[in-house]
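There are 2 protein chains.
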Amino acid sequence: MDKVIEYKKIVRELLTEIAAMALEQDGGIENQLITDDQHGHYLLFYVGWEGTKYYYASFAHLDVKANGRVWLQHDGTDLPTAA
Amino acid sequence: MDKVIEYKKIVRELLTEIAAMALEQDGGIENQLITDDQHGHYLLFYVGWEGTKYYYASFAHLDVKANGRVWLQHDGTDLPTAA
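Protein sequences appear in the order of chains P and D.
Here my numbering is used: the first sequence runs in plain steps of one and ends on residue 83.
Here my numbering is used: the second sequence runs in plain steps of one and ends on residue 83.
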């Protein structure tokens with residue numbers, strides 16, 4: 001299905017761009033870009049330490065379903081920076 | 001690096017097996033198997049509703065680093081079933 005492939009490409013590019021921005025900002029924390037075309041899952045994940053504070057949090061989580069629907073499973077854009 | 005490819009294969013198979021078991025048990029909750037060979041991230045994720053309770057939780061998260069090290073970033077084996 002062309003639509004599904006196209007949406008996966010768009011979501012992948014979007015998260016890659018956000019990940020690049022996030023990588024510039026956060027020193028000690030690993031910003032994991034997770035892209036799974038096979039199952040249609042795309043995540044940005046914070047893992048690691050900032051000083052004495054440990055982060056393990058989803059920052060963004062989008063799914064591209066087999067029917068072409070895009071689900072925003074999680075939007076954590078206001079979470080980890082508010083420490 | 002052969003070791004890295006082999007470890008990714010092992011971690012992928014391990015999580016696929018656990019996901020298959022989880023899928024049998026949990027009715028309303030989507031058990032997402034997330035495999036990203038490109039970046040070396042492998043997750044099992046719970047997303048969805050069980051009655052009136054919403055789950056969004058990492059169940060397992062393993063990373064295969066470029067140097068061949070395998071990191072268990074998260075082990076949530078005793079989390080979502082304790083509702």
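Simulated from the structure, these hints should not be mistaken for lab results.
Incorrect hints may have been included.
For chains that are exact copies, the list does not tell them apart, and a pair is met inside one copy or across any two.
Unchecked claim - Below, simulated DSBU-like cross-link-like pairs (lysine-lysine); rule was C-alpha separation at most 30 Å, straight line:
1. Lys65 <-> Lys3
2. Lys9 <-> Lys53
3. Lys53 <-> Lys3
4. Lys65 <-> Lys53
5. Lys65 <-> Lys9
Tested hints:
1. Lys65 <-> Lys3: Close inside one copy (11 Å), not across copies (33 Å); limit 30 Å.
2. Lys9 <-> Lys53: neither (34 Å within a copy, 32 Å between copies)
3. Lys53 <-> Lys3: Classified as neither; 42 Å inside a copy, 33 Å across copies.
4. Lys65 <-> Lys53: So Lys65 and Lys53 pass the 30 Å test across copies only (23 Å; inside, 35 Å).
5. Lys65 <-> Lys9: both (13 Å within a copy, 25 Å between copies)
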